[in-house]
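Sequence lines, in order, name chains A and B.
The first sequence maps to residues 46 to 456 in this note's numbering.
The second sequence maps to residues 356 to 599 in this note's numbering.
Hint data in this document are derived by calculation from the structure and do not stem from the laboratory.
Hints should not be assumed to be uniformly reliable.
Claimed, not checked - Stretches of chain A that chain B covers, calculated by requiring three or more beta carbons in the stretch to come under 8 Å of a beta carbon on chain B: (1) 353–367; (2) 423–431.
Said to hold, decoys possible - Here are a few chain A residues that sit away from chain B, every Cβ distance over 10 Å (derived from the structure): (3) Ala-54; (4) Asp-110; (5) Asn-202.
Built from N, CA and C at the ideal position, the CB exists for glycine as well.
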Amino acid sequence: MREIKSSQAYRDKAKAASAKPATFGEDVELDKYSSSAEELPYQENPSQLPEEDQKQMTQAGIILDEQSQRSGTIIQMDNSVIHSLAKEEGLELMATSQALRTYDWILDYWWRAVAVDSDKYTAHVELNQNDGYFIRALPHTKVVYPVQACLYLAKNNLAQNVHNIIIAEEGSELHIITGCTTSPREEPGLHLGVSEFYIKRGAKVTFTMIHNWNPEIVVRPRTGVIIEEDGLFLSNYVIMKPVHSLQTYPTARCVGANATVRFNSILVAAPGSMMDVGSRVFLDGKGSRTEIISRAITTGGDIIARGYIEGNAPDVKGHLECRGLILLEEGMIHAIPELKGNLAGIDLSHEAAVGKIAEEELEYLMARGLTRTEATATIVRGFLRVDIEGLPPMLSAELQRAVEASEKELM
Amino acid sequence: MLEIKQLTVRVEGKEILHDVDMAIKSGETHVLFGPNGSGKSTLLMAIMGFPRYQVTKGNIIFKGKDITMLPLDERARLGIGMSFQRPPVVRGVKTGDMLTACLKGEGNKKSISQLAEKADLADFLDREINYGFSGGEIKRSEMMQLMAQKPELTLLDEPESGVDLVNIALIGELINELLEKDCPIRKRKCMGLLITHTGHILNYVNARTGYVMLDGRIICEGDPHEILATIKEKGYEECAKCVK
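Next up, chain A with everything else stripped away, as it sits in the complex (with noise of 0.2 Å):
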């Protein structure tokens, strides 16, 4: 395995925090998982991968046999960086260790957008680390097609830790496509992402994060965004199959002038799933904005829904939507939509609504001649479809397809 030094600093900040539980989500016992795991070798051709494995990154939005519309390729399977190629000029794509060995300066964006002594998660990726991507877009550059990176836990009780830092340099476009999976054996797994965004000035990055876990995976990503003067953050989260229990509370810092941040978040939980999943976002920046959405939908699984927005500065606005849809009879759904203005000359509302689907709209659609089934599956469709404004239109298209080939389960 190999060894990733920061700094005695963060690891005696780590050392400290070991033991400290986060302040949402069920605790998790990290004595129960490993963190060592073999080197596996570097595949020149990712698409000569087993086909069982492809499967799954495939339904996590990861294409591995035709990447003519990807600008780059990072693949890490357990704890090892198995590929990683980047096609396009200005962009740098490599594993974390590389990218600390590359760079000194990398240190200046290591624990700085999430804080190494969060809690004991941040704490035991610091002092288990196991790689992770590094991504930058050089200054001015626009990278035309996504890039994807997939995180593959496939041992049995792995605790996958890694740290990935994206970096989008002044005036640069940057697209991202990262699907986290496992294996199809639905074995337990434990994996600790953190993920630490700088968008420089004028800079846009998209993130699409597709989750395809399984129900005996316990997820628990930590992601800081800083988004300096007229930057654009926008983030698509989607999960749409079983998972044992997620925590995840991305925070976004709008700390330049008109700095932008989105939040999507698309969830369904089915039985046996706990998902504990928000937002937040600080509007430090005069005229910063902020939109999070996000769509729950329960069949009979546990959705806490949050969502953040503070303003701190003049001119800002944010909004906030969240809406639950319990399908069946069992499940819940926990809306907790939170704004606080610290000045005024700010702009913050919200809306929440859960819910089981509203009888007179089925009722409405059945007037029309759908079945009760058809009227239902149009519904949830409608639901599940996020407009997402920013978003290239086949960034846009491929998401949708992610969503739709998931619905049919879901239906």
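Dock chain B against the given chain A, drawing on the hints supplied.
Chain B alone, transformed into the frame defined by chain A:
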């Protein structure tokens, strides 16, 4: 043909319609007048088959088939369509999706955009159905969906309410197309039953028979224009007195 025989309907335990009889032949349009709460909408909802409207007595026969116990969606597929007075907003479902559903897979992009242009709703196909629509837009959207659905029996619940005069003319045109008014009477198949309070729509749509409904009973049947003129002049009180 639609035949309603001694129809008695309960809503949430309360009897609203009592022994209603009505017959609409192919190609005919009939009009239902009556004060608020008299049971007009209940009759339309019961014919359409909404589960809340429980038929406790009588029969609804459509195209020779007793549909009294037939579920709502099967009635729609059999050829009954309804323009809602206040349709619900269905978030996420786009107007174009509704048209696709109404066309039952027979439509294409061209036919959908033609329908939308006809209803002056070309810019609405990507909008969520009824979300933020004005009164006139809702009514035109209802007509547009019915034109895609092509029902043999069209139930129209106050198609002109909340609509300005320009829009009433367009809605009248759309209703006439739905009810095949440009066909010779003998060749018309489509039937219509419409509720109107103001009677404005009758300036655009010809109807053969009018009814007055009071307290869940049809108390009068005759020429719709004559009935409307009487109501305008003397009010429903006169109708009530007339029955007594």
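Evaluation of the provided hints:
no., hint, verdict
1, 353–367, "violated (count 0)"
2, 423–431, "holds (count 7)"
3, Ala-54, "holds, 49 Å"
4, Asp-110, "holds, 31 Å"
5, Asn-202, "holds, 40 Å"
The structure fails hint 1 only (numbered hints given earlier).
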